[in-house]
Amino acid sequence: MNITIKVWRQKSNTSPGEFKMYSLSDVSPDMSFLEMFDVLNEQLVRKGEDPVAFDHDCREGICGMCSMVINGQPHGPLRGVTTCQLHMRSFNDGDTIVVEPWRAAAFPVLKDLIVDRTGFDRIMSTGGFVSVNTGNAQDANTLLVPKPDADEAFGAAACIGCGACVAACKNASAMLFVAAKVSQLALLPQGKVEAKSRAERMVAQMDDEGFGNCTNTYACEAECPKEISVEHIARMNREYLKAKLG
Amino acid sequence: MSSLSSLFNSSVGKKFAMGITGLFLVSFLVVHCAINALIFVNDGGETFNRAAHFMSTNILIRTMEVVLFLGIIWHIVQALVLTGANQKARPVKYAAPNTGSGSAWYSRWMGLLGTLILIFLILHLRHFWVESRFTGLHVPAMIIDGVPHDNLFAEMKSVFASGWVVVVYILGMISLAYHLLHGFQSAFQSLGINHKTYTPVIKNVGIAFSVIIPLVFALMPAAFYFGMIE
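Top line first, the protein sequences correspond to chains A and B. Residue numbers for the first sequence follow the working numbering, beginning at 6 and rising by one. Residue numbers for the second sequence follow the working numbering, beginning at 8 and rising by one.
Don't read these hints as lab results, they were simulated from the structure. Since this is a predicted model, take the numbers as computed values, not measurements. Heads up, a few of these hints could be off.
Using C-beta positions, here's what the derived DEER-type ranges look like [what the hints assert, rightly or not]: (1) A:Asn97 x B:Ala215: 33 to 43 angstroms; (2) B:Phe47 x A:Ser202: 52 to 62 angstroms; (3) B:Lys100 x A:Ala145: 44 to 54 angstroms; (4) B:Val37 x A:Val198: 40 to 50 angstroms; (5) A:Asn97 x B:Ala168: 54 to 64 angstroms; (6) B:Gly91 x A:Leu83: 28 to 38 angstroms; (7) A:Met129 x B:Val37: 40 to 50 angstroms; (8) B:Val137 x A:Ser202: 43 to 53 angstroms; (9) A:Leu83 x B:Gly118: 28 to 38 angstroms; (10) A:Leu115 x B:Lys100: 11 to 21 angstroms; (11) B:Ile83 x A:Asp144: 55 to 65 angstroms; (12) A:Leu250 x B:Val212: 24 to 34 angstroms.
Covered, in the sense of this in silico footprint (three residues per stretch, anywhere, with C-beta under 8 angstroms from a C-beta of chain B), are these stretches of chain A [stated by the list, open to error]: (13) 71 to 79; (14) 100 to 111; (15) 167 to 180; (16) 205 to 213; (17) 228 to 239.
Some chain A residues close to chain B (C-beta under 10 angstroms, calculated; not the full set) [said to hold, decoys possible]: (18) Trp13; (19) Arg84; (20) Val114; (21) Phe216; (22) Gly217; (23) Thr220; (24) Cys225; (25) Asn242; (26) Arg243; (27) Glu244; (28) Ala248.
Using N, Cα and C, we set each Cβ at its ideal position, and we do this for glycine too.
Please model the complete structure; the sequences and the hints are all you need to start from.
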């Protein structure tokens, strides 16, 4: 395959960025999208140019590091997959592919396609955990969890915190991410006790980080590589409203 | 009180305010549409004028009129605040905007649809509300059981004799239909109501509501214009 990549290049957080075009020939359709970038970077290094900086780690769709907006879609055209699980066979020979970083005030670009997502970590540190005094583990059967609740909590826990929801949302809202974290713990007995205050603290931090407001377009759900449901946003709204009005 | 003020300053609270005022405005649409649909009784406007007379003289309805205006203003102000904040949340736009996938176009264009509805609303208030409350109608009163009633029926007939007014009203109702198509179910989501059994029902009721109410409203100017109501 012959591919042209139009990619965002930006030296640092403070320097202005611009798009640059790169042509790649003999691209294997079985390469992952990130492997295609590896090939491009090898060529750039050989020419003495700065390689394109991008986030990646596990390359098996579970770490949440890869973060590219490909032809206007976070993680590219396939549903329910991360960029690392996207292959070049999803594109056509001769295509020009536009690759951009996540765009959000709360996710400033650090370099090229890498954005600063520590805002998510700060949100997690305000309530994305269960406060327990650790001791001996209890017998699992003493804490009964209905199967539907366990399934729902697991669905929320599938969130890998990649930020595609923010990237996809026209308002750069982080509601789906925060809702998944609030929901995952609110559904289980250990997390239920702090459900309201957790929602309160995490939403307050989310607002402080400068993410936008949810207008329920549900673009986040459509683009989420883990297909997290917007039902979790309603649960977060419930927990938050209970905390403020209850 | 501090928890209430922090609620309405938060992103979740602002959604809540949009949802609750939106649903309140939805309830107004039901009453307004039901009363106005009485013109289709086609009795020269007597039934409709009687109902309109009741609405304009009933103290409870008049009080709700003030609440309604406050609801509309809150909905608009909140929308402006949210739009401003959302624009700040993405200072650099995408070069390849992805407009086709994931979300319905009308859910992304609620602000524009709302603005079109507001333009229609200003014209609509000028046509009927200002006339009936302040300046007086252009047409003589209708005497029913010896009591003079504002002849809003005749007023509608004279306003809807103009083709461009009818077109603007119908465009206003198309904007309303799409605004409701997103807004109806979205309001429930913002209030935290999303349930595997009930949400599909809410969505279907929302679709039916978004079609029926604007359609009945749009039929009113059209029916007058084409002389189907005398």
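Do the hints match the structure? See the list:
The hint said 33 to 43 angstroms for the Cβ distance between A:Asn97 and B:Ala215, and at roughly 42 angstroms that hint holds. Between B:Phe47 and A:Ser202, the C-beta spacing of about 54 angstroms keeps the proposed range 52 to 62 angstroms intact. Range check, B:Lys100 to A:Ala145: Cβ separation about 50 angstroms, and the 44 to 54 angstroms hint holds. Against the hinted window of 40 to 50 angstroms, the Cβ-Cβ separation of B:Val37 and A:Val198 comes to about 41 angstroms, which satisfies the hint.
The beta-carbon spacing between A:Asn97 and B:Ala168, approximately 58 angstroms, falls within the hinted interval of 54 to 64 angstroms. Separated by about 35 angstroms at the C-beta atoms, B:Gly91 and A:Leu83 satisfy the suggested range of 28 to 38 angstroms. Between A:Met129 and B:Val37, the C-beta spacing of about 44 angstroms keeps the proposed range 40 to 50 angstroms intact. At roughly 50 angstroms, the beta carbons of B:Val137 and A:Ser202 sit within the given window of 43 to 53 angstroms.
Checked against the hint of 28 to 38 angstroms, the C-beta distance between A:Leu83 and B:Gly118 comes to roughly 31 angstroms, which is consistent with it. At roughly 19 angstroms, the beta carbons of A:Leu115 and B:Lys100 sit within the given window of 11 to 21 angstroms. Separation of B:Ile83 from A:Asp144 is about 57 angstroms and conforms to the stated range, judged on CB atoms against 55 to 65 angstroms. A hinted range of 24 to 34 angstroms holds for the C-beta pair A:Leu250 and B:Val212, which are about 25 angstroms apart.
Check on the segment 71 to 79 of chain A: 4 of its residues sit with their Cβ under 8 angstroms from a Cβ of chain B, so the three-residue criterion for coverage holds. Evaluation of the coverage hint for the segment 100 to 111 of chain A: fulfilled, as 6 residues show C-beta separations to chain B shorter than 8 angstroms, against a requirement of three. By the rule of at least three residues with a Cβ nearer than 8 angstroms to a Cβ of chain B, the coverage given for the segment 167 to 180 of chain A holds, with 6 such residues. For a cut-off of 8 angstroms, the count of residues in the segment 205 to 213 of chain A with a CB near a CB of chain B stands at 4, and the three-residue condition holds.
Check on the segment 228 to 239 of chain A: 5 of its residues sit with their Cβ under 8 angstroms from a Cβ of chain B, so the three-residue criterion for coverage holds. For A:Trp13, the suggested interface contact is upheld, since its CB lies about 8 angstroms from the closest CB of chain B, less than 10 angstroms. The restraint placing A:Arg84 at the interface with chain B holds, with a minimum CB-CB distance near 9 angstroms, inside the 10 angstroms limit. Contact between A:Val114 and chain B, as hinted, is supported at the beta carbon level, the nearest pair being about 8 angstroms apart and thus within 10 angstroms.
Of the supplied interface hints, the one on A:Phe216 holds, with its beta-carbon coming within about 6 angstroms of a beta-carbon of chain B, less than 10 angstroms. Using the Cβ-Cβ criterion of 10 angstroms, the hint placing A:Gly217 at the interface with chain B is satisfied: the shortest such distance is roughly 3 angstroms. Because the closest C-beta pair between A:Thr220 and chain B is about 7 angstroms apart, less than 10 angstroms, the hint holds. Proximity of A:Cys225 to chain B holds as hinted, the smallest CB-CB distance being about 8 angstroms (cut-off 10 angstroms).
Nearest Cβ of chain B to the Cβ of A:Asn242: about 4 angstroms, under the 10 angstroms cut. The hint holds. The interface hint given for A:Arg243 is met, as the beta carbon of that residue sits about 3 angstroms from the closest beta carbon of chain B, less than 10 angstroms. The beta carbon of A:Glu244 comes within 8 angstroms of a beta carbon in chain B, closer than 10 angstroms, and the hint placing it at the interface holds. Because the smallest distance between the Cβ of A:Ala248 and any Cβ of chain B comes to about 8 angstroms, under 10 angstroms, the interface hint for this residue holds.
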